[in-house]
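The listed protein sequences correspond, in order, to chains W and V. Okay, so the first sequence: first residue is 0 according to numbering that gives the first Met the number 0, each after it adds one. Okay, so the second sequence: first residue is 0 according to numbering that gives the first Met the number 0, each after it adds one.
Hints listed in this document are in silico derivations from the structure and should not be mistaken for laboratory results. Remember, predicted model here, so these are calculated numbers, not experimental data. It is possible that some hints are incorrect.
[As the list claims (entries may be wrong)] Each computed PhoX-like pair below joins lysine-lysine, with the alpha-carbon atoms no more than 25 Å apart:
#1 V:29 <-> W:499
#2 V:80 <-> W:393
#3 V:29 <-> V:675
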Amino acid sequence: MRAPTETTLNPVTVEVIGSAFSSAVDEMGEALVRASYSTNIKERRDCSTALCTATGDILCQAEHIPMHLGSFLQFVPKLLEVYSLDDMHPGDVFIGNDPYAGGGTHLPDIVMASPIFVEGALFGWAINTAHHSDFADRGHAHIYQEGLRIPPLRLDRAGVRQDEVMRLFLLNCQVPKERVSDLRAQMAANRLGIVRVQELCRKFGSDIVRDAGKALMDYAERKMRAGIAAITDGRYVFEDVYESESLEGHLDLGVTLTIAGDAMQLDFVSPPQVRAGLNVIYTALQATVYYAVKAVVDPSVLPNAGLARPITINAEPGTLLNCAHPAAVDGRISACQRVVDLVHGALVQVVPHRVTAASCGSVHVASFSGTRPGGGLWVYLETIAGGSGARYNKDGLDAVQVHMTNTSNLPLEALEAEYPITLLQYEFAEDSGGDGRFLGGMGVRRVYRAEAPCRVQIMGSRLSSRAWGLDGGAPGKSGAFLVNGNPKAIDLSGTIDLVKGDVFAVVTPGAGGYGDPALRDSAARAQDAKAGRRPAR
Amino acid sequence: MAWRIGVDSGGTFTDVCLIDDDRGDLSIWKVSSTPDDPSRGIAQAFAEGIERVGADVADVSFFGHGTTVATNALIQNRGVKTGLITTKGFRDLLAIGRQKRPDLYDLQADKPVELVSRDLRIGVSERLRIDGSVETPLAEDEVRTAARHLRDAGVEAVAVCFLYSFLSDAHERRAAEIIAEEFPDAFVALSSQVAPEFREFERLSTTVVNAYLGPVMRGYVRALSGKLADAGLDVAPQLTQSNGGVTGFEIAAEMPVRTVLSGPSTGVVAAQALGQMSGIGNLITFDMGGTSSDVALLTDGSCRMVAEAEVHGYPLNTPMLDIHTVGAGGGSIAYVDNGGLLKVGPRSAGAHPGPACYGLGTLEPTVTDANVVLQTQNPTALLNGQMPIDRGLSVAAIERLAQQLGLGVMETADGILDIVTANTAKAIRLISVQRGHDPRDYAMVAFGGAGPVQAARLARELGMSRILIPRTPGVLCALGLLMTDLRTDYSATQIMLLDDATPDMLRGVFDGLRAQAEIWFNAEAIAPEARNVTLRVDMRYAGQNYEIATDLPTEEITAESLVALKDSFLAHHQRLYGFVAEADAIQMVTYRLQATGSVPKADHPKFPHAGPDASAALTGSRPVWMRDAGGFVETPIFARDLLLPGNVIQGPAIIDQLDTTTVVPPDMVATVDLYKTLILEYN
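Could you put together the complete structure from these sequences and hints?
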């Protein structure tokens, strides 16, 4: 399979430069985590790094958080609509977060891009996004309630901080000291990326590096096309329901996935956007589809702009899955998890061994905030892992971050050092994994006790629906949020006041099983029983 | 007469190095390993080695041993059935880990095997607070019941890990007493002893791995001690740890988790000794074998010690030399993927079936086949003529790839070497540039069977101008055992603000560590003049969670020491992250003491200078493909054994020896130093 844009560059040089890109983005990520002060970055690693071409095509994205690809897709193109190349200098730093202005996929993800100059000309961009654990306890009727909207704008001009911008931003944040240190860590990451690319250009010449970048994108495209072409042509339809703590009832989501030769088209159907922070901006939908397709077609495809070329994504503007201004988007990730399920559900019909039964289908978020004795505010955000779907030949993974996220947990010994919270339990939800010949992965039960008054805002899905099984496998058990053991204490606002001594529990959904439970190996059943596992039926 | 013996037991061969301390003579000896019970092969190698050099076993003054027993048991999941007792509410932490999945995109990927199954993970009531105070006292009856349950379930080892045990070990120690009463045969590992550091999951993982490997290592050292004693060995045998030092067998059996990098760490120590002899302190080691390469960076003669790393998927908080392993070796297989790019490794043909040129049936080209095609390696036989090969098979294998790529056979073979070079360069960048060191300031030490073959390309890729090739590159690890000191590490965690700290406070912490070291010095019977300690403090800005290791001078701790500590931290931070935060407070977090007992080293003899003329070692020539020349160039071949100090060889040249081949490209010159180390330099 040959791509239309064939390059004549030596494939060995391409491979060598590709390795250098990937080691540069890894280094950037490591610097970001190590230099930062906020628990969400330094322990939970809720950040991603990438390199882009001068016009903003992604050369290489680090393997951090798939959702963050959505932050990178439009940032540079939108920035270049506002700032002219003549007015761009080494040492410039641009930030932004607004989904409707090319920024992140929700406001807490602050994107930072730094131009890379080689021999006086703009070669490309070092870019990263970090989820700033701020904008907590806000409303979500529309985006104006969700936090400060920042279009792509200049934070540093030729190495000099634009203090006005910083002061405006910090005044709108609940934990400004952390914001300063996280931005500093983001800068450390970009600085490294710039140095690495400049070194590479010195060594090979910037033309060769630029051509290699193009060749790597062509290469990703070829691999993606080769993988799609290997799947039987046809139209594959799948539907599911979506619910959330901030919705009454449920919404219907669907996809029609069409494979024709080496191209794939996905047409999504979803209800009109909602007055809640659940809507999905188009870049988030793109990032989700690219992840979902890559995982099935070929997990080894390079994470660059080339992989998107064979894929067409349609969704009606103004709907949940392609929302329009001023829809609120803060909790978009649970819907994105369900988009992955839709894509995989459609592909089950043609490549049943390459997908899993449905994973937990949610990102269960608990965002705590309160006031410190001295008057300062604190915000502690955590997203909690669930079950991963059973495979056709083995059980699903227990208690892992699935699909669009991959953040770490916050160690108890770090949590209790920073916040007035005690962790009482962190164990498998033993009855959550769906039964089957192979079991769906188990969710977890994470139980906190408030040591001071605070508020917690929750988000999540699969609270009443269940992650589907495959080939006779049972669905996983739904998740829950409980206050002092009582689920009814939570209303549609998703916000709960805790007083000292209150016990707040997050139980994440289990995943679906694969195959008829009657076919499960008897030795495996005996081991399940010994381990206290009670598969959901 | 006094003989010092090093034995490195690998998967394929057991290497023995014997040095006669009086005359400095070095002998090497290899026997096949006995993987079912490595102690047999080692005892045999020992006995044969002694006999071969005509030594009297009573004259052996030192026996050092590097082993892969612990690492193999971990990779192959052949540790013992292990139980866990932990704080109630957290028994699944071992399986949950940091909640990340094993691969971002691959839905079929699995986590590493759980070393303790869920039915053997038991939570008991107890809880400490972050200040070390007791919120819930230890429920002794629950520990007793748990110990009985684990005993009846047939476990051999019990790991105990409670929250905040790094602040107070009282609950863990009491639990150990109860386990000893109920289940005296169990091997018990306490997190407060194995890895008394912050972050509960990593501490737990380390403790569990230690328990899992404990009885295996204990059984192994007992069997080996017995066999060595039967063979007449009269001195206490020593075993290398991941920190590059050796320790007594009994201590190794208690802390097997500290030996998972036993093998590669001795290579680093040997390279360090080599650098010392040659007067070069800044080195990057490159140890390339059949399936993988180990790389490490030494600055001013010492290798960075890391306190945490992931080994075979298991996080381990234990002192290890900062050695990075990449799946690139002589047997790594080259292929064209479905996007049309050439890839090499990590899959390896190993020793069997081996490269295509071995003629054992495989048609997949390896890195060795590329070298055979280009004739950088001997095209008719390897191992100095002992092992015939068929270059035609290598050509055929590479031709298939060449057709897929639309390149010539030679270009493809050359490309395979470029890609394996890029893969190893990436590993070296990780341990150098990524930590703020420029490889151009370092010399490379190349060893292992494939290291000297690839070294020149790798050095060029990284801009390194000098390469050292030891006399015996294939058995350098065994040699390293004869240059290793006794070494162990102690640490304590206690967060202190640097600005609030007084010399007395810091002294107090280190006095506690010194007291532990003193016990070890005495147990190992190390003479007072041979005792040495180095001190380090892991520091960060208040708010960060990753520390930077900062050296503390060992002299009396004074106000000046604190100033020096601060300056050093700020310099490191600026270098790594490009900024310092003037207004922010600096914390000291973990205090580390490394205790070393100097061992008399093998004294490497200098040989007399014999002048630049190397013609006496010239054995012939063969055409070798050179990219710059665009074709084959008739290249002289030298025998390494015949080279003498002072000899100079201008590239292109090939230098052959039993255990490897050294490639000297046209723009390099090789000289032999007084220790017969080969030094390659770019013109």
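Against the structure, the hints:
1. At most 25 Å may separate the alpha-carbon atoms for a hinted pair to count; residue 29 of chain V and residue 499 of chain W exceed this at roughly 69 Å.
2. Restraint check for residue 80 of chain V and residue 393 of chain W: satisfied, since their Cα atoms lie roughly 23 Å apart, inside the 25 Å limit.
3. Between residue 29 of chain V and residue 675 of chain V the CA atoms are separated by roughly 21 Å; this keeps the pair inside 25 Å, and the hint holds.
When the structure is compared with the earlier hints, a violation turns up for hint 1 alone.
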